[in-house]
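Residues per chain are reported as follows:
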Amino acid sequence: VLLGATLWLAGGAGSAQAGPAAQADEALGERIYAERCAFCHGDQGDGNGPVADYLAPRPRDFTGAVFKLSSSANGTLPAEADLIGTVAEGIPGTAMPAWKDILTEEEIRAVAAYLKSFDAEDWADESIAAQPIQVGQPPRADEALIARGRELFAGQEAQCIKCHGQAGRGDGESAAGMTDDWDQPLYPANLTKGWRYKGGSDMQAIYTRLTSGVAGSPMPSYQDALPDDADRWALAAYVSSLARQLSDEAVLEAAAHDGPLPTTADDPAWAAAPQLLLPLSGQVVFPPRWQNPAIDAVGVQALYNEEDVAFRLVWDDRFHDTEDSGAAPALPAGTSTYVAPVAEHMTDHPAYSDKIELQFPAQLEGGVERPYFVYGSAAKPVSLWRWDSAGEEARELTQAGAQAAAAAQPEAGQQLAAAATYQDGQYQLVFSRPRRPADGQDIAFEAGVPIPFAIHAWDGSNGETSWVDEAGTARHLMAMSAWYHVVLKPETPATVFLWTLVAIVAVAGGEWWLARRLRRRA
Amino acid sequence: MMRTATLGLTLLLLLGLAACGGGTESGTTPAGEAAESGAGEEAAPPAGEVAESPVDPATAGTVSGKVSFSGTPPENEPIDMSGEPDCAAQYADSPAQETVLVNSDGTLQNAFVYVKSGLGDLTFPVPSEPVVLDQSGCRYHPHVLGIQVGQPLEIVNSDPVLHNIHPQPTENRAFNVSQPTQGMKSTKTFTKPEVMIPVGCDVHDWMSAHIGVLEHPYFAVTGEDGSFSLPNLPPGDYTLVVWHEQFGEQEEQVTVGPSETKTADFSYAGSTG
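One line per chain: the protein sequences are A and B, in this order.
Using the working numbering, the first residue of the first sequence is number 1, and each one after it goes up by one.
Using the working numbering, the first residue of the second sequence is number 1001, and each one after it goes up by one.
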């Protein structure tokens, strides 16, 4: 009710404006729009700005008054407060930034109001006027509520899994081939990615999306389907419980393990290893530049024993692409070094398999400076642990710069083992290798030493691949991380405790002897 | 100082009242009822104000005719329903799209015939009788339908599978509702005339229907005999249009005299090969 009232007030304040103040606001809104928005959204507000073709999703077209984030009933216009909120907060997972730190509140209000001028007719249409949703306070998200939500999510009553998949990773049966109201491809949201929720992953935001739907997208309103708002709250509680967040640590702690290291990703031993969920972004350093990677996060864990080290990589991918044509992608002609997003899943480009790669410096000697983060350089090459879903093959390679072709290490040095599973839109992969390489080409994993690593990932159905072009230059349409560090946390051997004890006894004994001698002298 | 404080307090009180008012008003509406309100429910005339028909039955005429087809009709695209066994089981043969349905007598089904102009300023009563759009066997029934502005559209899910009803109009406001359970019904209205509005289901991308929305009752969809009839037309000069999803639109001028019955036939040609 409070939220509703706030919206009502915001809406009232917006529509009540008239006279010179309104005119000033309109001029301000127009100026802000031209300065800040038109580059993406276009002079005409039709979402066709100069950079629109390189963005996925494309910038919003304002000429139909359709907005994703609405607090109004499905089929009615959003509240002006919704527009203000979107401009202020931005839309995660898209190119729309949060403007609240750049524009003043007055400027944001003015530009939100100005957006309406691109479809004045609809905004003036009383028959589709905003009908605010009553959100209210969320109930406590206890286990029972979450369990009820899970039941709805997977069961007959809501069937969310049809699109969002069993585990909520956006990989349901109907996920492939979806389009929005502008015939642009899009996929059901991966609900485990808390950082990608367009309108927020808190229960109130999810309840609002469930009730209103997401206009212009395949996400329908569940108000008719679940008329009891307790059900929508339960669903919101469950969905919210799925949302994870990215790690902000930069050092991965590899845990010591007794006995042979696990060779499979589902081994319970992994529970003892801390996980970092690391962000990846598109490779935009070297042309062709790729700003729409599908894999934006990889979970990493590491375990080690006296001989071996093992990494467990976990990442979400809606489609299991295991065939690779080996063909170079057709790059758009023209001067832009950025590649436009693929139009359709696996149909407008050759088949590419899914791949992942761990990057380490080829050597740790030579000071603290790490190799250049995109495949190093001739002076400071990198070692790669690469896994390809085509053939499920793991290889160790060396590369000396992003544009140099990677070279497989000699067979004698191929000591990398890998085992992967793919289920419910998720890969789980275990890499393992002796800590001290036989060929001396790679780094040794010594305990206590911070070892830099980075991750590269390819989603085949998103048109991602690396190849060497006719001129012999390596090209990369892929997702990549920055450098992180892994530290094999030194295991404290029992002898450490023994020597400590000996030292304490020795010191105490020495003191006693000294004290006795001094006393005797006195 | 005191005055400012009083003013501020009054203002706060007023705001509080307004906020409470807003809250209770909407708060008393049960969610179930609110669900019924769709795009532009307000467009339907309030009960008790149903307009009288402006047509004098004594002089009203009729336009009727047939929509025929010549040549070889294109094959309808097969539908892969293997992902929905409950729907697939309803078909003896493998299901296909209903894009082009030619009857055995050479007439065409699912052609939408309507009066595009000639009615002037006449306004017509809005039927309270709903038009039903049924989802059955993971297809829409009917495939093409007409409805008046403000007339209720009752959307029914006869399938035991999830559908979402997602029309994509250009004149009207789009809506998108989920119907996960068998037997579920939703009622919606359109507020503006629009020929045609494509309707689809994002869960089953093969599902397709077309809705023609008009401000008057002079429209018809051809069936198994390819014929149509537009009765109760006031005398006048009309532009008649036939629409077909594959073959496009055709226009014909018709003059209807008092109590006259006019024939207007249309003909589409497929490939002659």
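Simulated from the structure, these hints should not be mistaken for laboratory data.
Treat each hint with caution, since some may be false.
Computed Cβ-Cβ distance ranges for the label pairs, DEER-style [said to hold, decoys possible]:
#1 G1183/B with P287/A: 34 to 42 Å
#2 G1106/B with P287/A: 45 to 53 Å
#3 Q1182/B with H320/A: 49 to 57 Å
#4 P1231/B with R31/A: 28 to 36 Å
#5 G90/A with G1106/B: 56 to 64 Å
#6 E1075/B with D424/A: 52 to 60 Å
#7 P287/A with T1239/B: 30 to 38 Å
A few chain A residues that don't get close to chain B, going by computed Cβ distances all over 10 Å [claimed, not checked]:
#8 L77
#9 D125
#10 I146
#11 E173
#12 G177
#13 M178
#14 A215
#15 G216
#16 P220
#17 D224
#18 A243
#19 A438
#20 K489
We put the CB at the ideal spot given by N, CA and C, even for glycine.
Comparing the hints with the structure gives:
{"no.": "1", "hint": "G1183/B with P287/A: 34 to 42 Å", "result": "violated, 57 Å"}
{"no.": "2", "hint": "G1106/B with P287/A: 45 to 53 Å", "result": "violated, 59 Å"}
{"no.": "3", "hint": "Q1182/B with H320/A: 49 to 57 Å", "result": "violated, 32 Å"}
{"no.": "4", "hint": "P1231/B with R31/A: 28 to 36 Å", "result": "violated, 58 Å"}
{"no.": "5", "hint": "G90/A with G1106/B: 56 to 64 Å", "result": "holds, 59 Å"}
{"no.": "6", "hint": "E1075/B with D424/A: 52 to 60 Å", "result": "violated, 37 Å"}
{"no.": "7", "hint": "P287/A with T1239/B: 30 to 38 Å", "result": "violated, 56 Å"}
{"no.": "8", "hint": "L77", "result": "violated, 8 Å"}
{"no.": "9", "hint": "D125", "result": "violated, 7 Å"}
{"no.": "10", "hint": "I146", "result": "holds, 20 Å"}
{"no.": "11", "hint": "E173", "result": "violated, 5 Å"}
{"no.": "12", "hint": "G177", "result": "violated, 6 Å"}
{"no.": "13", "hint": "M178", "result": "violated, 6 Å"}
{"no.": "14", "hint": "A215", "result": "violated, 7 Å"}
{"no.": "15", "hint": "G216", "result": "violated, 7 Å"}
{"no.": "16", "hint": "P220", "result": "violated, 4 Å"}
{"no.": "17", "hint": "D224", "result": "violated, 4 Å"}
{"no.": "18", "hint": "A243", "result": "holds, 21 Å"}
{"no.": "19", "hint": "A438", "result": "holds, 50 Å"}
{"no.": "20", "hint": "K489", "result": "holds, 48 Å"}
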